[in-house]
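Sequences and hints are given; from them, build the entire structure.
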Amino acid sequence: MTPATLVTRHTQALLGALGRLVRAPLATVLTLLVIGLALALPAALGMLVRNAQSATGGFGRAIDMSIYLRSSVPLARARQLAVEARAVHGVASVQVISAAEGLRQLRKYSGFGAALDALPSNPLPNVLRVVPEPRSSAAAALEQLQRTFARWPEVRMVQLDAQWVMRFDAMLAVLHRLVSIAAILFGAGVLAVIGNTIRLEILNRRAEIEVTKLVGGSNAFVRRPFLYTGMIYGLGGALLAWLVLEGAVLDLRAPVAHLAQLYGSAFTLNGLEGRELAALFGGGMALGWLGAWISAHRHLRGIEPRA
Amino acid sequence: MIQFERVSKRYPNGREALTNVDFFVGRGELVFITGRSGAGKSTLLKLIALLERPSRGTVSVNGHSIGGLHARHIPAFRRQIGMVFQDHKLLADRPVFDNVALPLVVAGAPLKEIDKRVRAALDQVGLLGKERMLPVELSVGEQQRVGIARAIVGKPPIIVADEPTGNLDPDLALEVMRLFKRFSEVGVTVLVATHDLHVVREFVSREITLSGGQLTAGGADPLPSLVASR
Numbered sequence: 001m002t003p004a005t006l007v008t009r010h011t012q013a014l015l016g017a018l019g020r021l022v023r024a025p026l027a028t029v030l031t032l033l034v035i036g037l038a039l040a041l042p043a044a045l046g047m048l049v050r051n052a053q054s055a056t057g058g059f060g061r062a063i064d065m066s067i068y069l070r071s072s073v074p075l076a077r078a079r080q081l082a083v084e085a086r087a088v089h090g091v092a093s094v095q096v097i098s099a100a101e102g103l104r105q106l107r108k109y110s111g112f113g114a115a116l117d118a119l120p121s122n123p124l125p126n127v128l129r130v131v132p133e134p135r136s137s138a139a140a141a142l143e144q145l146q147r148t149f150a151r152w153p154e155v156r157m158v159q160l161d162a163q164w165v166m167r168f169d170a171m172l173a174v175l176h177r178l179v180s181i182a183a184i185l186f187g188a189g190v191l192a193v194i195g196n197t198i199r200l201e202i203l204n205r206r207a208e209i210e211v212t213k214l215v216g217g218s219n220a221f222v223r224r225p226f227l228y229t230g231m232i233y234g235l236g237g238a239l240l241a242w243l244v245l246e247g248a249v250l251d252l253r254a255p256v257a258h259l260a261q262l263y264g265s266a267f268t269l270n271g272l273e274g275r276e277l278a279a280l281f282g283g284g285m286a287l288g289w290l291g292a293w294i295s296a297h298r299h300l301r302g303i304e305p306r307a
Numbered sequence: 001m002i003q004f005e006r007v008s009k010r011y012p013n014g015r016e017a018l019t020n021v022d023f024f025v026g027r028g029e030l031v032f033i034t035g036r037s038g039a040g041k042s043t044l045l046k047l048i049a050l051l052e053r054p055s056r057g058t059v060s061v062n063g064h065s066i067g068g069l070h071a072r073h074i075p076a077f078r079r080q081i082g083m084v085f086q087d088h089k090l091l092a093d094r095p096v097f098d099n100v101a102l103p104l105v106v107a108g109a110p111l112k113e114i115d116k117r118v119r120a121a122l123d124q125v126g127l128l129g130k131e132r133m134l135p136v137e138l139s140v141g142e143q144q145r146v147g148i149a150r151a152i153v154g155k156p157p158i159i160v161a162d163e164p165t166g167n168l169d170p171d172l173a174l175e176v177m178r179l180f181k182r183f184s185e186v187g188v189t190v191l192v193a194t195h196d197l198h199v200v201r202e203f204v205s206r207e208i209t210l211s212g213g214q215l216t217a218g219g220a221d222p223l224p225s226l227v228a229s230r
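Heads up: the protein sequence lines correspond to chains A and B, in order. Note that my numbering gives residue 252 to position 252 of the first sequence, counting from 1, and the numbers run on in steps of one. Note that my numbering gives residue 51 to position 51 of the second sequence, counting from 1, and the numbers run on in steps of one.
Since the hints were derived computationally from the structure, they do not count as laboratory data. Beta carbons are placed, not taken as given, at the ideal position from N, Cα and C, and that holds for glycine. Take the hints with a grain of salt, since some may be wrong.
[As the list claims (entries may be wrong)] Computed, partial: chain B to chain A, Cβ under 8 Å:
1) L51
2) M83
3) L91
4) L102
5) V106
6) A107
7) P110
[What the hints assert, rightly or not] Here are the in silico distance ranges between beta carbons for each label pair:
8) B:D169 - A:A207: 23 to 29 Å
9) B:G187 - A:T2: 25 to 31 Å
10) A:A173 - B:P12: 20 to 26 Å
Written as structure tokens, this is what we have:
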């Protein structure tokens, strides 16, 4: 068989498979819907995790670190330390909150004004408020920064308001794992759906398969259109999943941007990107092909012509 | 061309369809296989096309024993045999052209050649011009001839036909048999299983008779070498 003939055969198998799917539109659409939704779920989860990850970078602006200096450190020294802290890698800005300023704020916000007045002297130390750079606001980087400042002799304590960032990171790790599990489970589901659809198709066309084998059609020849059918299902399902996700992103973009803004972030929700799209479409097609192949391998062998 | 040596076929249900059958059919022979239904005619043809395997004995086609043929090579082997069935075995949802083209399509012939040869085959059976019709739109005789066109389109060296005239009136039956006679005259080996003795007697041709799975007449060809070299 020449390469040109082979191309013709494949084109015919592809067109034949497409034709069959188009001639049974309802069944095709229902199957595509099942496959599309099964593919959309893990893809959506993956997209969510990726967006959440990039969002924590944006949330960085809401994170800060309070460095409590020892009571013995005077304000002038505190200002020097602030300059040194600003030079530390990963620090965006440093603000000195003097003991007097601290007391004023405490009086204003805490409602203990009278009690504070009763104190003989200001018990508060000078404090440096450090805002890390956004790219250093991952949990590990923050902890690193915290350790750096804690080593300074003038520092009594570094308080990091970032417990939630770490918890969030841990949550993302769990979600990451969940994405893998969902991908495997729903991938298996897609495999089963396509395999079963192909099985029914093979049973429906039993007579045709028998005749084809009678006139000398090889297993590969008989199998080919079914493999194309499977791949079309996979690709169509991936396309549907993509459309569903794009729709969801479009719908969520404004409220998510608003939420991010409230956290002082310019974060916006992003749909599937290059590699994710390639994975979705490649994965869909591969699952379709594999499901069809398994089914065809199992069921075509049983169909031998009995004249 | 086709040789049976002490061939027996016992089906899994225990029925022995053929017992110790010996015969030789040379190139370009037209041979009728007669006998009542259940005599083993269909089984004999199935063994030639590898639709069944013999329980004992050897079937040789074109000088080669086909007993050891691997499943992988069966499709290519079947392309050398044009098969005609009593129930036609046409694809009901495909037009005549597609039905006849099927053996060429599975063999991977170029489209141009398919077009040419399908028309030539349809011309031979007198159905040119009906390419786009569906089998159900044709008469039974025409459907049978579509089946014959499909059997000859790949120019196989062997044609086996199982009761090809079973559903036809005598005139049509004769016409179909004359078609087979013509093929044998151009060198195709033709085996026709039939219980239609009236039609068979119209032809001066060899007749192999089966009865209860045993060959009762026509097995020993007096001059196989002469026939083979014809």
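The hints, checked one at a time:
Against a cut-off of 8 Å between C-beta atoms, the interface hint on L51 of chain B holds, since the closest Cβ of chain A lies about 5 Å away. Because the smallest distance between the Cβ of M83 of chain B and any Cβ of chain A comes to about 6 Å, under 8 Å, the interface hint for this residue holds. Here the hint on L91 of chain B is kept, as its CB sits about 5 Å from the closest CB of chain A, short of 8 Å. Annotation: L102 of chain B was flagged as interfacial toward chain A, and the flag holds, the nearest CB pair being 5 Å apart, inside 8 Å.
Residue-level restraint check for V106 of chain B holds (minimum Cβ-Cβ distance to chain A is 4 Å; threshold 8 Å). Proximity of A107 of chain B to chain A holds as hinted, the smallest CB-CB distance being about 7 Å (cut-off 8 Å). For the restraint placing P110 of chain B at the interface with chain A, the shortest Cβ-Cβ distance is roughly 6 Å, inside the 8 Å limit, so the hint holds. For the hinted restraint 23 to 29 Å between D169 of chain B and A207 of chain A, the CB-CB distance of approximately 27 Å keeps it satisfied.
With their beta carbons about 28 Å apart, G187 of chain B and T2 of chain A fall inside the hinted range of 25 to 31 Å. Between A173 of chain A and P12 of chain B the beta carbon distance is about 60 Å. The supplied range of 20 to 26 Å is therefore violated.
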